[in-house]
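Novice: Each chain is listed here by its residues.
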Amino acid sequence: MENLKNKTKVIVVGGGPAGISAAVTIARANIDVILIERGDFCGSKNMFGGAIYTQPTKEIFPDFETEAPLERKNVTNKYMLLTQSEATTISYNKKTDNSNSYTVIRGKFDRWMAEKAKKEGVIIVTSTVVTDLLMENNKVIGVQTELEKYYADIVILADGVNSLLAKQAGLRKNLKPQDVALGVKEVIKLDSEKINERFNVNNDEGLITEIVGYPMNGMLGLGYIYTNKESISIGLGITLSELVDNKIKPYELLDKLKEHPSIKPFIKDGEPVEYSAHLIPEGGYNKIPKLFADGVLVVGDAAMLVNNLHWEGTNLAMISGKLAGETAILAINKNDFSKNTLKIYQKKLKKSFIIKDLMSYKNLMSEMHKRRYSFTDYYIKKLNAFFDVFTNVDSIPKKYKFRKFIKNVIFERNIFELFKDIVSTIKIILRIFI
Amino acid sequence: MSIDDKLFTVKYVNNINSHLTNDTKECKNCKEKCCTFICPANVWQWNNETQTMTINYENCLECGACRIACPKHSIDWKYPQGNSGVTFKKG
Ligand SMILES: Cc1cc2nc3c(=O)[nH]c(=O)nc-3n(C[C@H](O)[C@H](O)[C@H](O)COP(=O)(O)OP(=O)(O)OC[C@H]3O[C@@H](n4cnc5c(N)ncnc54)[C@H](O)[C@@H]3O)c2cc1C
Ligand code: SF4
Ligand code: SF4
Chain A
5 MENLKNKTKV IVVGGGPAGI SAAVTIARAN IDVILIERGD FCGSKNMFGG
55 AIYTQPTKEI FPDFETEAPL ERKNVTNKYM LLTQSEATTI SYNKKTDNSN
105 SYTVIRGKFD RWMAEKAKKE GVIIVTSTVV TDLLMENNKV IGVQTELEKY
155 YADIVILADG VNSLLAKQAG LRKNLKPQDV ALGVKEVIKL DSEKINERFN
205 VNNDEGLITE IVGYPMNGML GLGYIYTNKE SISIGLGITL SELVDNKIKP
255 YELLDKLKEH PSIKPFIKDG EPVEYSAHLI PEGGYNKIPK LFADGVLVVG
305 DAAMLVNNLH WEGTNLAMIS GKLAGETAIL AINKNDFSKN TLKIYQKKLK
355 KSFIIKDLMS YKNLMSEMHK RRYSFTDYYI KKLNAFFDVF TNVDSIPKKY
405 KFRKFIKNVI FERNIFELFK DIVSTIKIIL RIFI
Chain B
5 MSIDDKLFTV KYVNNINSHL TNDTKECKNC KEKCCTFICP ANVWQWNNET
55 QTMTINYENC LECGACRIAC PKHSIDWKYP QGNSGVTFKK G
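Chains as they are written, first to last, in this note's numbering: chain A, 5 to 438; chain B, 5 to 95.
Please note that the accuracy of each hint is not assured.
[What the hints assert, rightly or not] Covered stretches of chain A, as calculated for chain B (at least 3 residues, CB under 8 Å):
1. 35 to 46
2. 178 to 188
3. 242 to 252
4. 270 to 284
The set of hints was computed from the structure by calculation and includes no laboratory data.
These figures come from a predicted structure and were not determined experimentally.
We put the CB at the ideal spot given by N, CA and C, even for glycine.
In isolation and in its complexed conformation, chain A is listed as follows (with noise of 0.2 Å):
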């Protein structure tokens, strides 16, 4: 094969954090790495909530607190829980020069990895969508996109949460409506000064918050607002069978958030510059599929590594990517490219804290499932329903307000609904810390 037109040691299909990283690594270390993207741009089709991990995003790019273009340093984590008129709020602050995680907008900060990964070897294709992947004996020997064929010893698939191209190569099956979260945002352009007014942060500063609650009542969904310099962005992310089973547009439901008294003043006067959309995995450690066979691996989205309680995507999506790298520069210098040896991405994979992590939320989903008419409704209604007896000011003994809201909360719900929503949420916290 090494007379080939057009044969380079390792494709990547798909520009994301998970690509861009699985690229850079091997080029790092002096291979000749192509990434072939079907947007105009890295970044020009993705979409996200959005927040990137600092710790994480060092491991790929060191220097990029300095050289990438960011957003905020969140400092603050809210959240929030709605009834249609009513909110709780959480808010858990810590300023610190070291930030966990900084805001970003994707179509600049994708194309800033982008541009890096180019410096330090990577070539990019652009606006090329691969169609196909290139079999022989069962084995991935390269891509067709739209108008060539290429080949290489390695392909690895970074193509997101759709991943055509997995499923061609069998190693992953259909996804159910179950699997996937839609997410659907809007970002609001506001004044810098307005926004570090209203969330109570100083310049370069912004926040995190999470909603749940209004308007999902009783579905499995969450919504968020995070801030940028000079814009909000706002949005849910819900279940696709929930949308299905309750024949509800997801747009609906965006607008019916930002219309709540307790969202509404934080985005009022701000004028809607972009609206977008895209899907969430959601199946968690269940639904991974088979990570490598001959000639191929799998990162990121496209192998469904996202710890979706927390959101956190990109992260995974860089080290899963980072780790494809090293074994395919391993496979490369055994010029053994058999499932035999890129099996090692696998062992890789478990032994970093994506696997691990995974493994403890592995039941969450199916027990969020089962109970979220109690989680993302009735609890919530209940304790917005505390603090207005707790704040209510009436000339009625406080012992027999509580003495009744405690009666309500035990009789109003079945007992033994009340005991199947203690036992899940011992075995959520059970799976997460032990």
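Given the coordinates of chain A, assemble chain B with the ligands onto it according to the supplied hints.
Specialist: This is chain B with the ligands only, laid out in the frame that chain A set:
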């Protein structure tokens, strides 16, 4: 804010060919027609009189939700050609 106003903020490069195709026979027998409400860009519209689907593919955000949600797996779903489709500038 209406969905049309939302979509107005999105940058697209149009392609003369649709990257989405349905199977009208399957759609006729599909009770839920979930593509007509789960799609974040309101691409799929069923016309009861003509019993056909209008696909506003030029509004597609390329998320892939319809492909997964369609109970009959009857959507032929491709990425639009390189150089066309949606561009997110602030994703
Ligand atoms: C609403 C939402 C909120 C999120 N919030 C966060 C957050 O706050 N923090 C976080 O860490 N993660 C978050 N995530 C998850 C995170 O965005 C993903 O896990 C991460 O982007 C995965 O990276 P990736 O490189 O695997 O895939 P992607 O970033 O999806 O990249 C895949 C790339 O492959 C290209 N491609 C696909 N098919 C082809 C093909 N056939 N030919 C050529 N190119 C192709 C695509 O254009 C794309 O550029 C969020 C996701 C969503 C949807
Ligand atoms: S869900 Fe599928 S089968 Fe049903 S109407 Fe839509 S495209 Fe047709
Ligand atoms: S890919 Fe997404 S935006 Fe495009 S038609 Fe399907 S559901 Fe709608």
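Novice: Of the hints given before, which are not true for this structure?
Specialist: Every hint satisfied by this model.
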